[in-house]
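All chains should be modelled from the sequences, with the hints used to inform the complete structure.
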Amino acid sequence: MAERRHDIELMQHADGELAKRASTEVEGSLEGDADAQLKVEAIGELGELVRGHLELAADAVPQARFDALWREVDKAIAQAEPSVARRDAPVGLWRRISRWFDQHRSHIIVGAVSAGAVAALALVIGPSGGDSSMSTTNGPIEVRPAALRSPPAIESLETPGGTGNVLEMEDEDGHATVIWVTPQDTVEGI
Amino acid sequence: MRTRIAPLLIVGLLALPAVATADPKAACEFVEISATSAKDPAVDPELKPLDKKLKNPPFSAWNVFHQLSRTEKQLEKLKPETIGLKSGKVTAIFLDLIGKSKVRLSLSIDDEAGKRTVDNTKVTVEAGDWVILGSSTANKAGHLTAVTCR
Numbered sequence: 001m002a003e004r005r006h007d008i009e010l011m012q013h014a015d016g017e018l019a020k021r022a023s024t025e026v027e028g029s030l031e032g033d034a035d036a037q038l039k040v041e042a043i044g045e046l047g048e049l050v051r052g053h054l055e056l057a058a059d060a061v062p063q064a065r066f067d068a069l070w071r072e073v074d075k076a077i078a079q080a081e082p083s084v085a086r087r088d089a090p091v092g093l094w095r096r097i098s099r100w101f102d103q104h105r106s107h108i109i110v111g112a113v114s115a116g117a118v119a120a121l122a123l124v125i126g127p128s129g130g131d132s133s134m135s136t137t138n139g140p141i142e143v144r145p146a147a148l149r150s151p152p153a154i155e156s157l158e159t160p161g162g163t164g165n166v167l168e169m170e171d172e173d174g175h176a177t178v179i180w181v182t183p184q185d186t187v188e189g190i
Numbered sequence: 001m002r003t004r005i006a007p008l009l010i011v012g013l014l015a016l017p018a019v020a021t022a023d024p025k026a027a028c029e030f031v032e033i034s035a036t037s038a039k040d041p042a043v044d045p046e047l048k049p050l051d052k053k054l055k056n057p058p059f060s061a062w063n064v065f066h067q068l069s070r071t072e073k074q075l076e077k078l079k080p081e082t083i084g085l086k087s088g089k090v091t092a093i094f095l096d097l098i099g100k101s102k103v104r105l106s107l108s109i110d111d112e113a114g115k116r117t118v119d120n121t122k123v124t125v126e127a128g129d130w131v132i133l134g135s136s137t138a139n140k141a142g143h144l145t146a147v148t149c150r
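If you're matching them up, the sequences are chains G and Y in order.
Position 123, counted from 1, in the first sequence is what the numbering used here calls 123; the numbers after and before it change by one each time, with no gaps.
Position 131, counted from 1, in the second sequence is what the numbering used here calls 131; the numbers after and before it change by one each time, with no gaps.
There could be a bad hint or two in this list.
The calculated label-pair distances, taken between Cβ atoms and stated as ranges, are [to be verified]:
#1 140(Y) - 158(G): 42 to 48 Å
#2 171(G) - 79(Y): 18 to 24 Å
#3 92(G) - 72(Y): 53 to 59 Å
#4 171(G) - 74(Y): 33 to 39 Å
#5 40(Y) - 148(G): 34 to 40 Å
#6 72(Y) - 104(G): 45 to 51 Å
#7 184(G) - 69(Y): 26 to 32 Å
#8 148(G) - 114(Y): 27 to 33 Å
#9 163(G) - 66(Y): 24 to 30 Å
#10 158(G) - 76(Y): 34 to 40 Å
None of these hints come from the bench; they were simulated from the model.
Even glycine gets a Cβ: it sits at the ideal position worked out from N, Cα and C.
Structure, rendered in structure tokens:
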């Protein structure tokens with residue numbers, strides 16, 4: 001029992017865990033005890049071995065983490081490479097047009113909506129006709145001022161079973177073309 | 001999703017000019033008028049736009065003008081439209097828009113007996129001006145069909 005206690009004290013002494021006084025006593029007892037000195041040296045070597053191993057283990061943990069991180073980075077790069085390759089590869093005209101529209105989508109939508117709104121307003125808020133002295137537009141057909149209008153033109157006149165006469169008249173309201181038909185069986189016409 | 005939006009936008013943008021340049025329609029009025037003579041002259045107020053013209057020959061032979069019917073019709077280009085009258089019918093075709101203000105029309109008139117008195121007569125008239133097709137009837141009255149488009 002006393003020898004076991006002595007061994008514990010030797011280990012504590014080797015590890016520097018004893019108080020100064022107790023450590024001095026142990027050192028004194030070692031002077032004449034070759035076996036105890038051998039034990040202390042063995043305990044010291046063992047302690048060095050343990051500390052060395054622990055330091056190596058401590059160094060190994062961050063390295064393992066770094067290795068894992070690099071593996072993740074390499075994996076991510078490997079996954080990104082195909083899309084990069086696709087982007088750099090020659091693409092067709094349609095793909096380029098689509099990409100351009102994708103990049104300018106917001107501008108195109110704003111422009112198209114604006115153009116549609118303007119077209120709708122132009123259709124809805126069209127000037128109405130009525131005053132023949134004013135140049136007005138009802139849809140695509142423009143009503144010019146009466147003074148600027150050219151007289152009507154008859155391209156062809158067919159009056160089956162009668163005779164046709166064309167008369168022109170003009171006043172401040174505009175022109176009128178009169179096509180007067182006199183049936184052949186009318187004894188007295190105009 | 002983006003690749004679906006792009007073609008739709010292209011179609012929409014291409015369709016805008018097509019809508020803007022769609023064939024115009026001509027808004028035409030067909031006014032049927034009876035012309036007679038009486039002691040007191042009378043012209044229906046609805047005929048005010050034609051009042052001055054009705055005072056000129058050959059209409060000055062009469063002094064009473066009544067509106068028998070008035071029909072407004074949107075004429076589509078090259079689509080014949082038949083407008084019924086109190087006495088007969090008129091068939092009109094909007095042939096073309098010349099420039100911005102001239103309407104080219106084809107006009108045909110059938111009398112109340114179904115006899116065609118005017119057949120496919122082509123006339124180009126400024127928007128707002130009138131084409132008046134008329135004939136005298138057996139009782140010395142007149143029957144007029146006035147057409148204007150805008």
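Do the hints match the structure? See the list:
no. : hint                        : result
1   : 140(Y) - 158(G): 42 to 48 Å : violated (26 Å)
2   : 171(G) - 79(Y): 18 to 24 Å  : violated (32 Å)
3   : 92(G) - 72(Y): 53 to 59 Å   : holds (54 Å)
4   : 171(G) - 74(Y): 33 to 39 Å  : violated (28 Å)
5   : 40(Y) - 148(G): 34 to 40 Å  : holds (38 Å)
6   : 72(Y) - 104(G): 45 to 51 Å  : holds (46 Å)
7   : 184(G) - 69(Y): 26 to 32 Å  : holds (27 Å)
8   : 148(G) - 114(Y): 27 to 33 Å : violated (41 Å)
9   : 163(G) - 66(Y): 24 to 30 Å  : holds (26 Å)
10  : 158(G) - 76(Y): 34 to 40 Å  : violated (23 Å)
Of the numbered hints stated above, those contradicted by the structure are hints 1, 2, 4, 8, 10, listed in ascending order.
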